[in-house]
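Q: Residue strings, one per chain:
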Amino acid sequence: MQQTSQPILSVRNLKTYFHQDEGIVRAVDGASFDIYPGRTLGIVGESGCGKSVTARSILQIVDKGGRIEDGEILLRRATGNGQNDILDLAKLKPDSRQARAIRGSEIALIFQEPMTSFSPFHTVGNQIIEAIRLHKPVSRTEARQEAIELLRMVGIPRPDRRIDEYSFQLSGGLRQRVMIAMALSSDPKVLIADEPTTALDVTTQAQVLELLQQLQEEKGLSIILITHDMGVIAEMADDVVVMYLGRVVEQGPVDEIFHAPKHPYTRMLLRSIPSILARPRTKLATIAGSIPHPYNRPAGCPFHPRCPEFMPGKCDVLEPELVRQGENQEVSCFLYEE
Amino acid sequence: MNEQPLLEVKNLKKYFPIRKGLLRRLAGHVRAVDDVSFAIRKGETLSLVGESGCGKTTTSRCILRALDPTAGQIRYRSNESTVVDLAELPKSRLRPLRRQMQMIFQDPFSSLNPRMTLFDIISEPLVVNNVGTPQSRRERVAELLELVGLPPEFMNRYPHAFSGGQRQRIGIARALALNPALIVADEPVSALDVSVQAQIVNLLLDLQAELGLAYLFVAHDLSVVKHVSDRVAVMYVGKIVEIAETSALFSQPRHPYTEALLSAVPKPDPRLRSQRIILEGEVADPAHPPSGCYFHPRCRYAVDRCKTESPELNEIEPGHFVSCHRANEIELVGVS
Ligand SMILES: Nc1ncnc2c1ncn2[C@@H]1O[C@H](COP(=O)(O)OP(=O)(O)OP(=O)(O)O)[C@@H](O)[C@H]1O
Ligand SMILES: Nc1ncnc2c1ncn2[C@@H]1O[C@H](COP(=O)(O)OP(=O)(O)OP(=O)(O)O)[C@@H](O)[C@H]1O
Ligand code: SF4
Ligand code: SF4
Ligand SMILES: [Mg+2]
Ligand SMILES: [Mg+2]
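Just so you know, the sequences run in chain order F and Y.
So for the first sequence, our numbering puts the first residue at 1; every next one is plus one.
So for the second sequence, our numbering puts the first residue at 339; every next one is plus one.
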């Protein structure tokens with residue numbers, strides 16, 4: 001089905017660690033997944049499972065102390081004559097010209113908290129104009145016109161006036177729209193959205209999700225949507241990656257993930273989410289225990305201390321690999337070994 | 339159900355002054371809570387929902403008198419025969435009543451003093467109110483820790499060593515120390531991960547069944563609200579626009595804002611990709627609310643009358659109150 005085209009971005013066995021005095025934090029520990037043109041890949045998992053570090057690794061903007069230790073991040077680019085070339089982003093130096101060029105153009109990122117990503121000293125317009133001129137040789141006047149068009153496209157009312165405002169003068173929803181406009185200024189192929197609606201009200205969230213869908217349709221964008229909200233994943237994603245403690249534990253098409261989940265963690269996560277479709281005043285299913293501290297990562301399968309199907313002598317000793325299940329699903333669990 | 343309400347809020351208003359210029363001249367008011375009325379029975383959960391800034395926190399802070407209301411009554415039944423108006427009571431006479439009403443906060447990280455042990459934190463309300471002896475307080479703290487699902491041996495530890503869910507349990511244990519009848523919980527699970535959130539939601543339900551607690555549950559997540567509430571009040575720009583039993587409100591909303599709010603909630607099933615109602619524009623500014631019905635600039639059912647006349651909260655079915663001119667003529671869609 002989706003595999004009619006080649007992935008635009010393939011992450012292979014990505015490992016990003018933080019070296020600290022207390023020990024090594026294996027923030028991302030062997031993640032693999034593919035992103036296809038014009039599709040949305042949802043990455044879901046609880047706090048600390050490595051979603052943001054994965055995103056930042058793709059863009060080569062991992063915080064200080066952290067480093068890509070292993071793996072490949074393969075970006076497929078058209079070379080103009082109908083051919084493709086493949087560039088391994090993991091091999092680029094984070095501050096090299098090429099890495100910066102890709103960050104500024106082919107892959108763009110939007111964050112959860114737009115407030116911190118704008119300068120309070122410059123108008124939002126000037127920041128978008130700067131971003132446009134960084135990758136395109138246009139005059140300020142032309143860039144300003146383009147910025148107004150971008151703001152209009154993301155649904156900012158009266159963009160010719162809003163462009164001269166500062167980010168703190170805007171509401172949360174408008175700020176997130178401006179952030180999306182800025183990300184789109186370089187005409188990216190891949191948009192990484194890290195919890196883009198987590199700080200917003202449901203009604204504003206619905207507006208922003210609608211906008212992302214509409215932009216995807218118009219521009220054929222590939223979107224990596226990172227969230228801890230299974231509802232947002234169900235609404236938006238074509239394919240889903242479920243992470244736990246830096247690993248991909250399961251991935252597949254959205255319908256299979258929700259209707260035929262395989263990994264015990266995916267199954268329990270789905271049962272524990274509150275649903276607006278539930279009967280009033282019903283308890284939620286719970287997962288025993290809590291997520292281990294990153295320094296005390298369990299040996300073997302990272303989920304084994306909480307897993308109801310734990311097999312002693314196996315799950316706490318050996319590490320399950322991600323193996324194919326059926327047509328498009330992959331799962332990392334000994335229950336599914338041949 | 340007990341017919342005499344434990345708490346009855348009547349025409350509550352809280353206006354914050356807006357001051358401008360060097361002379362701090364009064365330039366207007368933020369009508370954060372604007373004529374709100376509701377009641378909570380013993381052992382019941384009433385949830386307050388609505389978008390950011392609609393006045394949920396201000397309402398709950400007025401009830402606990404952490405804020406002084408601008409107008410209105412907060413009638414609290416302290417026992418079978420006594421009802422007091424908390425809105426009028428001088429601060430000095432509030433303390434004995436404060437014991438009966440406690441608060442749980444959103445952020446378990448900032449609400450606990452890092453230099454106090456769990457014992458100090460949980461027993462503080464007992465000490466302040468002169469309840470018990472040092473020995474009986476240790477027993478009470480052990481009992482409370484057990485009640486919220488933490489090992490009593492933890493009492494000598496400091497909060498920094500605990501996870502978000504464990505800290506929320508500590509906050510709940512502290513709130514229960516004085517045997518309150520009413521717990522005001524302002525977004526108690528919004529900062530928590532899904533699996534931890536499920537544990538705390540269940541704990542709140544269990545404690546209610548065991549101790550007969552009433553909850554005023556403030557939240558913006560309608561899915562969580564569905565799991566905990568007996569009744570739900572929907573606020574919009576400082577006013578309650580609809581209040582009803584949980585199942586009625588979710589399956590047969592009668593206010594256009596409630597309908598839009600429900601339709602915007604993502605359903606955790608890709609086969610139900612929703613027909614979202616996208617509300618245009620933004621929430622009105624409570625300092626400069628629109629004329630007539632505050633919701634009219636965003637309402638797809640608005641008629642001329644809505645621009646000039648503000649609707650009253652009417653009981654259109656037993657226990658179901660709605661503030662909309664057209665409540666009886668429009669067909670709205672809920673979720674079930
Ligand atoms: N700058 C850093 N230094 C040390 N450890 C870090 C740093 N950034 C992240 N980590 C650790 O890496 C792990 C993964 O973090 P990450 O931010 O990717 O989680 P996440 O899945 O995005 O969580 P959330 O849902 O809370 O945003 C966590 O254990 C985190 O503590
Ligand atoms: N101390 C204050 N001074 C002036 N205005 C205030 C004050 N506290 C709150 N407000 C205003 O009153 C309105 C209601 O705020 P409140 O915090 O009660 O909303 P809320 O429903 O709890 O929102 P949220 O979901 O964001 O917590 C907002 O417009 C807010 O800006
Ligand atoms: S490998 Fe074992 S412990 Fe891990 S999820 Fe599968 S059954 Fe559970
Ligand atoms: S009174 Fe009018 S504007 Fe207000 S909610 Fe009802 S129909 Fe809409
Ligand atoms: Mg993150
Ligand atoms: Mg609040």
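These are computed hints drawn from the structure, not numbers from a lab.
Note that the Cβ used here is the ideal one computed from N, Cα and C, for glycine as well.
It cannot be assumed that every hint is accurate.
[As the list claims (entries may be wrong)] If you anchor each label on the Cβ, the simulated ranges turn out as follows:
#1 Y:D544 x F:G326: 52 to 60 Å
#2 F:E130 x Y:P355: 46 to 54 Å
#3 Y:R611 x F:E142: 55 to 63 Å
#4 F:R281 x Y:P434: 49 to 57 Å
#5 F:S171 x Y:E653: 32 to 40 Å
#6 F:R152 x Y:A377: 44 to 52 Å
#7 F:P94 x Y:P355: 20 to 28 Å
#8 Y:E653 x F:R281: 17 to 25 Å
#9 F:E165 x Y:E653: 39 to 47 Å
#10 F:E210 x Y:S416: 47 to 55 Å
#11 F:D85 x Y:R611: 31 to 39 Å
[Unchecked claim] From the derived model, a few chain Y residues whose C-beta atoms are all more than 10 Å from chain F:
#12 G410
#13 V534
#14 L599
#15 R609
#16 D642
#17 N666
#18 S674
Q: Does the hinted range 49 to 57 Å hold for R281 (chain F) and P434 (chain Y) at CB?
A: Cβ of R281 (chain F) to Cβ of P434 (chain Y): about 32 Å, so the range 49 to 57 Å is violated.
Q: Looking at D642 (chain Y) again, its CB stays over 10 Å from all of chain F?
A: holds, 24 Å
Q: Taking the minimum C-beta separation from V534 (chain Y) to chain F, is that value above 10 Å?
A: violated, 7 Å
Q: Take the C-beta atom of R611 (chain Y) and the C-beta atom of E142 (chain F), compute their distance, and say whether it sits inside 55 to 63 Å.
A: Given a distance of about 39 Å, which is not inside 55 to 63 Å, the answer is violated.
Q: A cut-off of 10 Å on Cβ-Cβ distance, and L599 (chain Y) was said to be off the interface with chain F. Does that hold?
A: For L599 (chain Y), whose nearest Cβ neighbour in chain F is about 6 Å away, the distance does not exceed 10 Å, so it is violated.
Q: For the pair S171 (chain F) and E653 (chain Y), does the Cβ-Cβ distance stay inside 32 to 40 Å?
A: holds, 34 Å
Q: Minimum C-beta separation from S674 (chain Y) to chain F exceeding 10 Å: can you confirm that?
A: violated, 7 Å
Q: Once the closest CB in chain F is found, is it more than 10 Å from G410 (chain Y)?
A: holds, 26 Å
Q: Checking a non-interface call: every C-beta of chain F should be farther than 10 Å from the C-beta of N666 (chain Y). Is that right?
A: holds, 25 Å
Q: Okay, E210 (chain F) versus S416 (chain Y) on CB: inside 47 to 55 Å?
A: Holds, since E210 (chain F) and S416 (chain Y) (Cβ atoms, about 49 Å apart) stay within the stated range.
Q: Is it true that the C-beta distance of D544 (chain Y) to G326 (chain F) lies inside 52 to 60 Å, as the hint says?
A: violated, 40 Å
Q: Is it true that the C-beta distance of D85 (chain F) to R611 (chain Y) lies inside 31 to 39 Å, as the hint says?
A: holds, 36 Å
Hint compliance for this structure: hints 1, 2, 3, 4, 7, 13, 14, 15, 18 are broken, all remaining hints hold.
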